[in-house]
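Participant: Mind docking chain E on chain W? Use the hints.
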Amino acid sequence: MRRTLTVAAIILTGLMSYGLYNMKYEVRRLEAELADLRQQITVDKQGLQVLRAEWAYLNRPARLEKLATRHLDLAPIAAIQVGSIIDLPLLSAQPGAGSKTTKKSARHAQLISSKAKVAQ
Amino acid sequence: MTMFSRKASAVSPDIKPRPGLDDVSDEVLEIGRNRLVVVAAVFALAFTIIGGRLIDLGVWQRIDGGLNLASAARTGPLARADIVDRNGVVLATDLATASLYAEPRRVIDPEAAARKLLTVLPDLDYNELLGKLATDKGFVWIKRHLTPKQKYVINAQGIPGLGFRDEHKRVYPHGALLAHVVGHAGVDNEGLTGVEKRFDDQLTGAAPGTLITSPATASQPLRLSIDVRVQHALHEELAKSVAEFSALGGAGIVMDAKSGEVVAMVSLPDYDLNLAGSASSDARFNRASLGVYEMGSTFKTFTAAMALDYGTVKINGGYDATKPLRVARFTIRDDHPKARWLSVPEIFIYSSNIGAAKMALDVGGQRQKEFLDRLGLLQRSTLELPEVGRPMSPSPWHEINTMTVAFGHGIAVSPVQISGAVASLVNGGYGIKPTLLARDGVESKSRRVIKPRTSKILQRLMRLNVVKGTGSKAAANGYLVGGKTGTAEKAGRGGYQRKALLSSFVAAFPMNDPKYVVLAVIDEPHGTKATHGYASGGWTAAPVVSRVVSRIGPILGISPVDEKSKTVRNALFMPVKSGGGRVATF
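Those protein sequences? They're chains W and E, same order as listed.
When we follow the numbering used here, the leftmost residue of the first sequence carries the number 1, and every step to the right adds one.
When we follow the numbering used here, the leftmost residue of the second sequence carries the number 1, and every step to the right adds one.
Isolated chain W (complex conformation):
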């Protein structure tokens, strides 16, 4: 009886030591991995920061303007190019619609034609 107990105790001790050893090394490995990941995050963050700075640098309005004038066939919007839906002529404003043309739509039509002239 007493012997069984002793043997059991010894086996248990052995198992526990092994378990502890394993656990300890596992934890150490995980810690190293964590530190690596943290280091990687720091490096990546710094990289991001550099890229953000570069993005802002490359998007300087002065540079964009220069590139746009060189490569694009576009110019800044002039006030005359902006219209609203109200400015569109009504259907009745078409020449064929006869005398039913309202005052408002007539003005719209006039506006449109004046804009067209400017555009030319």
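Hints may contain errors.
So, partial list: chain W residues that the calculated Cβ filter (under 10 Å) puts toward chain E [claimed, not checked]:
#, residue
1, 49
2, 50
3, 52
4, 54
5, 55
6, 57
7, 58
8, 62
9, 64
10, 76
11, 77
12, 81
13, 82
14, 87
Taking lysine-lysine pairs in the DSSO-like style, the calculated list, with each CA pair at most 30 Å apart, reads [to be verified]:
#, chain 1, residue 1, chain 2, residue 2
15, E, 499, E, 323
16, E, 143, W, 45
17, E, 473, W, 66
18, E, 468, E, 529
19, E, 468, E, 323
20, E, 240, E, 515
21, E, 323, E, 338
22, E, 473, E, 240
23, E, 116, E, 151
24, W, 66, E, 169
25, E, 468, E, 314
26, E, 564, E, 451
27, E, 445, E, 515
28, E, 490, E, 433
29, E, 149, W, 45
30, E, 473, E, 456
31, E, 197, W, 45
32, E, 169, W, 45
33, E, 564, E, 314
34, E, 515, E, 468
35, E, 132, E, 149
36, W, 45, E, 151
37, E, 240, W, 66
Which chain W residues stay away from chain E? Per the calculated CB distances, all over 12 Å, these [to be verified]:
#, residue
38, 3
39, 4
40, 6
Everything labelled a hint here was simulated from the structure, so no lab data went into it.
Since we're looking at a predicted model, the values are computed, not measured.
We put the beta carbon where it would ideally sit given N, CA and C, even for glycine.
Facilitator: Chain E in isolation, oriented as in the chain W frame:
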């Protein structure tokens, strides 16, 4: 010993008396056992306590931050938060760099080391470097903020006694564009000028006086009210005019008229923030907020608003401007004398000094002072910059001061104050405080400075001045610009100088519901052939406003209107009573 013997004796009554030698040995054994039990109990107790403490530490009192602290220390010295514009464009950011230092005591061969270093860092001086390395000091900086490539090569050279320290370098991607707004930080991470200095504590994530331990607290970027696109348009147009009129410099401001947010602020000449060390003091000087100037006729806007708001003159009323005004030893004359009776709108659009002076006299010095104070023209502006100038106003405030202040002389204020005051006048009459922090257009409607009716009249007056007055060159088709010119002679040795002018134009648009105030100031412009030699505000500063407005209008989402349409013209109609009593309509 005594304790155990007493214990033994305490046990003894239960034991049967055993006489003889055996009795003695039994007694000794008994004592031995008892002692063992006590020792075992003590050990058991000790192990229980240790075990309990282990569980306590392991399960309940885990230190979560233990590893974090270590990694935070590795990221290097203090970080500084980014500064971004209202749309999130980076204006200032921190980059990690390496700095090279030497421990001269450990450098074995200073000459060889210096020669090797020069191959990588050719901008260093050999003798100076040798001097640094040959000393017996423990630590000297060789060069701060190396490029990654330089660091790699120096590492590869393997010179003993050299080392790198991780540092942060402040980088300003936009260079000179925001020189006077953002300002710059020094090599040791402390803000020296501009927003960098004003918000140093917030940027480093520290309440004043505390040590920064975690860069995480400094990760929230500081968002300014500036819009980089508008800033660029203003910067470019102002620089163009400063060059065209060979001026000393210039200043420009675009401000949200309803919230007081400064959308753009330029002071010329300026300097590249990344090379701040080599900038001249003239380039560092912020003309937009630190410089205080006699602004001249732009002040007539305030005089007209004041007289109309106090009701000392009606819009149809007017003053006689036939003869120059003589007060004590001074004579007040008009630059473009009409030599007749002028109505209030005429005084405004012809920029009559005599009329403005008389208008102010009727209001009185005390009320004039109160009014200007309400507009924030007599106090230092609350703009969030360390470089904010204190305005200069007459003291005591004599009658002659009342008259000269009416047309902007004898009082010096900063351009940012002018913008703020004009914004308060045209936005419906609410006092605004200029700010550089993004408020997302939240209107400030807490403090009324003038009646809504006066504000309406002023909008029409300013519009009239552009349609038919000295400010005609400020027109930007579709955006209903309204404004007032200003041409002040700068005070120099022996009084005012006729040739040294400060030309300005303050405008707001669109005038039927002003959303933005635009101010352009040009310091000592010289007339050109195209301007027929004139260097006044109407010829030099007004075109800047015109170009800026037509560029920023679409950016700021202002929908242009047809300026010729009847509804628009009626909305801003201003009848002008002229000398003969007839009403001229412009």
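Participant: Against each hint, give a clear statement of whether it holds in the structure.
Facilitator: Here's how the hints hold up against the structure:
| no. | hint | result |
| --- | --- | --- |
| 1 | 49 | holds (6 Å) |
| 2 | 50 | holds (6 Å) |
| 3 | 52 | holds (6 Å) |
| 4 | 54 | holds (8 Å) |
| 5 | 55 | holds (7 Å) |
| 6 | 57 | holds (4 Å) |
| 7 | 58 | holds (8 Å) |
| 8 | 62 | holds (6 Å) |
| 9 | 64 | holds (9 Å) |
| 10 | 76 | holds (7 Å) |
| 11 | 77 | holds (5 Å) |
| 12 | 81 | holds (9 Å) |
| 13 | 82 | holds (5 Å) |
| 14 | 87 | holds (9 Å) |
| 15 | 499/E <-> 323/E | holds (25 Å) |
| 16 | 143/E <-> 45/W | holds (25 Å) |
| 17 | 473/E <-> 66/W | holds (27 Å) |
| 18 | 468/E <-> 529/E | holds (23 Å) |
| 19 | 468/E <-> 323/E | holds (24 Å) |
| 20 | 240/E <-> 515/E | holds (25 Å) |
| 21 | 323/E <-> 338/E | holds (10 Å) |
| 22 | 473/E <-> 240/E | holds (16 Å) |
| 23 | 116/E <-> 151/E | holds (13 Å) |
| 24 | 66/W <-> 169/E | holds (29 Å) |
| 25 | 468/E <-> 314/E | holds (21 Å) |
| 26 | 564/E <-> 451/E | holds (29 Å) |
| 27 | 445/E <-> 515/E | holds (14 Å) |
| 28 | 490/E <-> 433/E | holds (28 Å) |
| 29 | 149/E <-> 45/W | holds (19 Å) |
| 30 | 473/E <-> 456/E | holds (23 Å) |
| 31 | 197/E <-> 45/W | holds (25 Å) |
| 32 | 169/E <-> 45/W | holds (15 Å) |
| 33 | 564/E <-> 314/E | holds (28 Å) |
| 34 | 515/E <-> 468/E | holds (22 Å) |
| 35 | 132/E <-> 149/E | holds (23 Å) |
| 36 | 45/W <-> 151/E | holds (20 Å) |
| 37 | 240/E <-> 66/W | holds (16 Å) |
| 38 | 3 | holds (22 Å) |
| 39 | 4 | holds (23 Å) |
| 40 | 6 | holds (18 Å) |
The earlier numbered hints are all upheld by this structure, with none contradicted.
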